[in-house]
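Q: Working from the sequences, and respecting the hints, build out all of it.
Protein chains in written order, with my numbering: chain X, 1 to 427; chain H, 428 to 701.
Quick caveat, the hints were computed from the structure, so don't treat them as lab data. Hints are all accurate, no fakes.
Calculated pairs, BS3-like style, for lysine-lysine (alpha carbon to alpha carbon, straight line, at most 30 Å):
1) H/K514 x X/K136
2) X/K136 x H/K663
3) H/K608 x X/K135
4) H/K608 x X/K420
5) X/K283 x H/K552
6) H/K552 x X/K245
7) X/K420 x H/K601
8) H/K601 x X/K95
9) X/K361 x X/K247
Read off the chains here:
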Amino acid sequence: MLLIAGFLVLATLIPQKPELTKAEYFTLKQKYPLFTKFISFTGLDHIYTSWWFLAVVSVFTLNLVLNLTGRIKITLRHMSSNKSPPSPDDIERSKYRHVLDVTVLDDALKERLTRTVSGLGFNVKQFREGILGTKKMWGLWGIPLFHGSLLLILTGIMISGLTRFSGTFEIAEGQTFSGQAEELIQTHYGLLALKPKPDFQLMLRKFNVEHWAPEHPKLIQSTVDVYEEGNLILSEKVEINKPLKYKGFAFYQSRYFGHAAYMTLLDKVTGQSNSGYVNFPSKKHDTGVFKQSFVLPLLGYRAQIKYDPLYPELMVIKILNGTEVKWEGIVKKGGGVDLGRYYLRFNDIVKWTAFFVSWDKGIPVLYSGFVVLSLSVLGLVFVVPRRLWLLYNKDKILVGVEVLSRSMETFEEEFEKIVKSLKESIK
Amino acid sequence: MNFEIVLYWLGTTLYAFGGILAIVGVVFKKEKLLSLAIASSAIGLIPHGGAIIIRWVRVAHGPYINMYEVMSSNAWVAMFFYFVIQKRFRFLVNASAVVLPVIVLAMGFGLMSSARDIPLPPSLKSYWLILHIIFAKLCSASFLISFGSAALYLYKSAATNNPSFSERLPSLQKLDVFVYKFNAIGFAFLTIMIVIGSIWANNAWGRYWAFDPVETWSLITWLAYGLFLHLRLNRKWTGKRSAVITVAIFGLSLLAFFFIPYFLKTVHSEYLVR
Numbered sequence: 001m002l003l004i005a006g007f008l009v010l011a012t013l014i015p016q017k018p019e020l021t022k023a024e025y026f027t028l029k030q031k032y033p034l035f036t037k038f039i040s041f042t043g044l045d046h047i048y049t050s051w052w053f054l055a056v057v058s059v060f061t062l063n064l065v066l067n068l069t070g071r072i073k074i075t076l077r078h079m080s081s082n083k084s085p086p087s088p089d090d091i092e093r094s095k096y097r098h099v100l101d102v103t104v105l106d107d108a109l110k111e112r113l114t115r116t117v118s119g120l121g122f123n124v125k126q127f128r129e130g131i132l133g134t135k136k137m138w139g140l141w142g143i144p145l146f147h148g149s150l151l152l153i154l155t156g157i158m159i160s161g162l163t164r165f166s167g168t169f170e171i172a173e174g175q176t177f178s179g180q181a182e183e184l185i186q187t188h189y190g191l192l193a194l195k196p197k198p199d200f201q202l203m204l205r206k207f208n209v210e211h212w213a214p215e216h217p218k219l220i221q222s223t224v225d226v227y228e229e230g231n232l233i234l235s236e237k238v239e240i241n242k243p244l245k246y247k248g249f250a251f252y253q254s255r256y257f258g259h260a261a262y263m264t265l266l267d268k269v270t271g272q273s274n275s276g277y278v279n280f281p282s283k284k285h286d287t288g289v290f291k292q293s294f295v296l297p298l299l300g301y302r303a304q305i306k307y308d309p310l311y312p313e314l315m316v317i318k319i320l321n322g323t324e325v326k327w328e329g330i331v332k333k334g335g336g337v338d339l340g341r342y343y344l345r346f347n348d349i350v351k352w353t354a355f356f357v358s359w360d361k362g363i364p365v366l367y368s369g370f371v372v373l374s375l376s377v378l379g380l381v382f383v384v385p386r387r388l389w390l391l392y393n394k395d396k397i398l399v400g401v402e403v404l405s406r407s408m409e410t411f412e413e414e415f416e417k418i419v420k421s422l423k424e425s426i427k
Numbered sequence: 428m429n430f431e432i433v434l435y436w437l438g439t440t441l442y443a444f445g446g447i448l449a450i451v452g453v454v455f456k457k458e459k460l461l462s463l464a465i466a467s468s469a470i471g472l473i474p475h476g477g478a479i480i481i482r483w484v485r486v487a488h489g490p491y492i493n494m495y496e497v498m499s500s501n502a503w504v505a506m507f508f509y510f511v512i513q514k515r516f517r518f519l520v521n522a523s524a525v526v527l528p529v530i531v532l533a534m535g536f537g538l539m540s541s542a543r544d545i546p547l548p549p550s551l552k553s554y555w556l557i558l559h560i561i562f563a564k565l566c567s568a569s570f571l572i573s574f575g576s577a578a579l580y581l582y583k584s585a586a587t588n589n590p591s592f593s594e595r596l597p598s599l600q601k602l603d604v605f606v607y608k609f610n611a612i613g614f615a616f617l618t619i620m621i622v623i624g625s626i627w628a629n630n631a632w633g634r635y636w637a638f639d640p641v642e643t644w645s646l647i648t649w650l651a652y653g654l655f656l657h658l659r660l661n662r663k664w665t666g667k668r669s670a671v672i673t674v675a676i677f678g679l680s681l682l683a684f685f686f687i688p689y690f691l692k693t694v695h696s697e698y699l700v701r
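A: In structure tokens form, the structure reads like this:
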């Protein structure tokens, strides 16, 4: 645990390669060449994926497995001993002990004692030798469950790390995502990732942003339609904190959004057309002029476009062939630019947003581990299993109470209460 | 100065007054002063709570976005938690000499942080976040009480030159048990806080763990408290050793939750330290 904690500290203090952009890493290399060489050689620049960190985590996991088996054995032993009659050994090893003097130890008294112990919340078993009371014995499973849940979580993380697939895609209103590799950016595949392909299409029907103030968005919401073989299957509103989950894929709303120009390039000779969306970069404020440039397919010309939300019907277009300006002017929605054989049409201005998509089979295992972990840790702290023995010994009753949770070290008050109740019942 | 800040200052003043009374009461063995300290601080909860509610209504979200709100609500929860606990375990009234000054420090830290209103961003609009924060506050309050008990333990075990003061304190055995119990309770809350934070992150961004610095330091704190529990239960590290470790890991938890967001780029500092 100490080693893992130490490595975690280092990982937050030393810049980690996966978190740096290539430019940032290059700057670091230029500034501190020796340091960069050292951390690169030792693997300190990618601690979480270094062999020595994974080895420490493996040892920790092995320790958990061994601990768990030991704990299960101890718990089962405790549970099975609940069937045995009280013995002097039980009293001897009890942390809390008391001796009750009685004049006549008859059946009526035994019955009264049984009722008292039962009244104190214990499950009572009567034997010829005495009484055995048990309380909240299921709490004994707290420690094995706690360690077991950690194993479950580590298993979930392992499944996730090996098979997870994730990526980001930008999509404009009216556009469809079908899961092709070229649609995705910043993809991540686990070592054994199965590269799942969705057999459905996702269309962004509408995108909506509301603001508290210019810099503070209140709502970022996409209305998406899911199609299978051309049939609409479902429509859902996706927001941050409200992902769309469908057929093992999860689609998360990104906080990035902007305007997109929907344009068509028409070949007047063949009649063929090529339509697409050109996304303007995302900005914190939805004001000012948005600029973008792109290469026209077939022609190879570069197009520069400018858009101002104050004039939603207009766009400034500049077409360049190298440095030569082929065309420049303002185009109205529905209008276009004549480029000889080709015609570039400005269809519409719509909104675009981004989604993060993931496919992760480790999540159900991980969440099961989370549930067990939370319940077991609460059980460990707040559920105290205990066992009470009353051993008949001629004119005496030997009382012993054992607290079976190591997390509870003081029990004096409750023990005094137990003894007081027992004394009252033998009066 | 708006009414919210007036109430905040009133609460802080009452806590500070309570803290002074608590220290004087413990030093000079004045039982009455200790009761007055608790009463003053308990009254302080009212204006302080009022300040939190006024802000809550105005900004339309709970007190958990920026550092001012976090420190203010943490101090309120810790004060309330301590007030309830000391009612149940009367001997803990002596711990007020440690707990109240820490609460005053938290209030002061809040006052020095930016208190500007930040409307609720979409990423923080989640029930998971509310649960995450509730457990964060409960674990902070538990760790504060265990720290208070540990500090008193260390003082009492070392205070041979001022026996009158240490006599006022609970027995070393009782303090030791409280150090352990509140560390264990805090550990349970910390575990649930991390679990819920992870579920929330997965729900909001599609990743349950991103090695964000605050995430990582929460895990480091969890490992540290886990280590404490193992040493206590398996190696029988009790008494002074247990108290020293508690003081150290309480410092670690403060570093993780309140200082790391200032030094390292983290998703937790996006609104917290602005």
